[in-house]
Amino acid sequence: MSLEDGSLFFVGIDWASTEHAVCVLDRAGRKVAAFTVEHTAAGFARLDKLGDTESTPVAIERPDGRLVDALLEAGHPVMPVKPNAIKTWREAEVLSGAKSDPGDAHVIADYLRVRIHRLRPAVPYSGPTKALRAVTRTRGDLVDARVAAVNQLAALLDTHWPGAKTIFASLSSAIALAFLTKYPTAASAASLTETRLAAFCAKQGYSGKKPAAVLLARLRSAPAGTTDPDLCEGVRAAVLAQVGVISALNAGIKNLDRTIAEKMDTHPDGKIFRSFPRAGTVNAAQILAEWGDARAAFDHPDAIAALAGITPVTKASGKQRGVSFRWACNKRLRQAITTFADNSRHASPWAADIYNRARASGKDHPHATRILARAWVRIIWRCWQNNTTYNTALQGGNQHHTEQQLAA
Numbered sequence: 001m002s003l004e005d006g007s008l009f010f011v012g013i014d015w016a017s018t019e020h021a022v023c024v025l026d027r028a029g030r031k032v033a034a035f036t037v038e039h040t041a042a043g044f045a046r047l048d049k050l051g052d053t054e055s056t057p058v059a060i061e062r063p064d065g066r067l068v069d070a071l072l073e074a075g076h077p078v079m080p081v082k083p084n085a086i087k088t089w090r091e092a093e094v095l096s097g098a099k100s101d102p103g104d105a106h107v108i109a110d111y112l113r114v115r116i117h118r119l120r121p122a123v124p125y126s127g128p129t130k131a132l133r134a135v136t137r138t139r140g141d142l143v144d145a146r147v148a149a150v151n152q153l154a155a156l157l158d159t160h161w162p163g164a165k166t167i168f169a170s171l172s173s174a175i176a177l178a179f180l181t182k183y184p185t186a187a188s189a190a191s192l193t194e195t196r197l198a199a200f201c202a203k204q205g206y207s208g209k210k211p212a213a214v215l216l217a218r219l220r221s222a223p224a225g226t227t228d229p230d231l232c233e234g235v236r237a238a239v240l241a242q243v244g245v246i247s248a249l250n251a252g253i254k255n256l257d258r259t260i261a262e263k264m265d266t267h268p269d270g271k272i273f274r275s276f277p278r279a280g281t282v283n284a285a286q287i288l289a290e291w292g293d294a295r296a297a298f299d300h301p302d303a304i305a306a307l308a309g310i311t312p313v314t315k316a317s318g319k320q321r322g323v324s325f326r327w328a329c330n331k332r333l334r335q336a337i338t339t340f341a342d343n344s345r346h347a348s349p350w351a352a353d354i355y356n357r358a359r360a361s362g363k364d365h366p367h368a369t370r371i372l373a374r375a376w377v378r379i380i381w382r383c384w385q386n387n388t389t390y391n392t393a394l395q396g397g398n399q400h401h402t403e404q405q406l407a408a
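So that you can map any letter, position 203 of the sequence shown is 203 in this note's numbering, and since no number is skipped, the others follow by simple counting.
Be careful, since some hints might not be right.
Okay, the calculated beta carbon distance ranges per label pair [unchecked claim]:
1) Ala28 to Gly362: 29 to 39 Å
2) Lys209 to Val313: 32 to 42 Å
3) Glu91 to Gly29: 34 to 44 Å
4) Ala316 to Glu73: 18 to 28 Å
5) Thr88 to Asp144: 46 to 56 Å
6) Asp265 to Ala16: 49 to 59 Å
7) Thr181 to Lys49: 31 to 41 Å
8) Asp101 to Thr226: 14 to 24 Å
9) Asn391 to Lys31: 32 to 42 Å
10) Gly244 to Asp144: 40 to 50 Å
11) Ala42 to Thr392: 31 to 41 Å
12) Ala316 to Asp48: 39 to 49 Å
13) Ser96 to Lys49: 55 to 65 Å
14) Thr392 to Ala237: 23 to 33 Å
Derived pair list, reagent style DSS-like, types lysine-lysine, alpha-carbon separation capped at 30 Å [what the hints assert, rightly or not]:
15) Lys182 to Lys49
16) Lys99 to Lys165
17) Lys254 to Lys82
18) Lys315 to Lys271
19) Lys271 to Lys209
20) Lys82 to Lys99
21) Lys203 to Lys165
22) Lys165 to Lys210
23) Lys331 to Lys254
24) Lys331 to Lys130
25) Lys209 to Lys165
26) Lys165 to Lys130
It should be emphasised that the hints constitute simulated quantities derived from the structure, not laboratory data. Only a predicted model underlies this, so the values are computations on that prediction, with no experimental measurement involved. Don't be surprised by glycine CBs; every beta carbon is placed ideally from N, CA and C.
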């Protein structure tokens, strides 16, 4: 798409949670319309009157959401633009430094008008991919919430009952939560014996392979907990509240794991992403959900690698040249693809060789993992484009990429 493609209008939308500022410019940059629409069905309906949808591109500072979906469904070419790019453009164009929602919409529309030849239109994902993205992202949020809740519980126990934190390996495990439910304070566990602890572990189906004597020794060797009756009453309520939160998060994550498995079973690309070594189901789903299923959107694996933030950024000026970490990217995709890459080296000799050679050349673990992830992206992209599952026997054909990845 370019300015020579016919009569075009350029729409900039400054997104907000309740209402959105809209600005429409013509080819010469003259303002044709400026208005606001509410984040409602009626507000979205106003956007249907922007004109011929196919020749009216829209720029917005976010790549997804119901507003973006509505624009795509209406047939508009939607151009997600980076907030930092708009910020820089505004500082150059608005010399006074003034800032407002309508003004930002105008800046976005003008940026689209001038830079449209450099922007990539958003490609709508299929229903199965959007469903998978919803559950994987929610699962990720719940995992983050569980980490925060476990840290809060650990801090509470450090202050009032350190022994309960050390007895089992993980505070979020079912056995640890069951123990804290039965013994939420040091006073409640004062009469705990080896026999009682062994009976408790047997009832809970404990599989940690540590005898009750060892677990009790861990408990007793820690600093003594609070025994003041009044304080213990408060600690008991606080511990049980935290245990309830973590238990609920565990249940939510477990339910989402089942949903993710079901979605992967029925997704057209599920088998492809599951076929890679140590990808599993959840990690494969995370990669697929962020990678997407719009094959026309990525004409080369390097586009995916850049999106995932696993390609370096080179800055050169005069005699100075520097290579730095890529901060602007889809961070969920980066986490998913680097997690897979790190796991894959324990099952794939090819992956282990790339990682080990990167480490031998002086790269630290995160850098070596990104190098391996970039090599995997080339293979995943080819399997994805060809609609074929991963075949270890064909791996040798990718060996020539190893040196390129190590040099990155």
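Under the criterion that the straight-line Cα-Cα distance not exceed 30 Å, is the pair Lys209, Lys165 satisfied?
Distance of about 18 Å is within 30 Å: holds.
Holds or violated: Lys203 with Lys165, Cα cutoff 30 Å?
holds, 20 Å
Do the beta carbons of Thr88 and Asp144 sit within 46 to 56 Å of each other?
violated, 31 Å
Outcome for the supplied range 14 to 24 Å, where the beta carbon pair is Asp101 and Thr226:
violated, 53 Å
CB of Ala316 to CB of Glu73, is that within 18 to 28 Å?
violated, 43 Å
Are Asn391 and Lys31 spaced within 32 to 42 Å by their CB atoms?
violated, 56 Å
Glu91 and Gly29, beta-carbon distance inside 34 to 44 Å?
violated, 18 Å
Taking only the CA atoms, is the gap from Lys331 to Lys254 under or equal to 30 Å?
Within the cut-off at roughly 23 Å; holds.
29 to 39 Å was suggested as the range; check whether the CB atoms of Ala28 and Gly362 agree with it.
For Ala28 and Gly362 the Cβ distance comes to about 55 Å; the hint is violated.
Pair hint Lys82 and Lys99, alpha-carbon separation not exceeding 30 Å:
holds, 17 Å
Can the suggested window of 31 to 41 Å be confirmed for the beta-carbon pair Ala42 and Thr392?
violated, 56 Å
Mind checking the hinted window 23 to 33 Å against the Cβ distance between Thr392 and Ala237?
The hinted range 23 to 33 Å is violated for Thr392 and Ala237, with Cβ atoms some 55 Å apart.
When each numbered hint is compared with the structure, violations occur for hints 1, 2, 3, 4, 5, 6, 7, 8, 9, 10, 11, 13, 14, 15, 16, 17, 18, 19 and 26.
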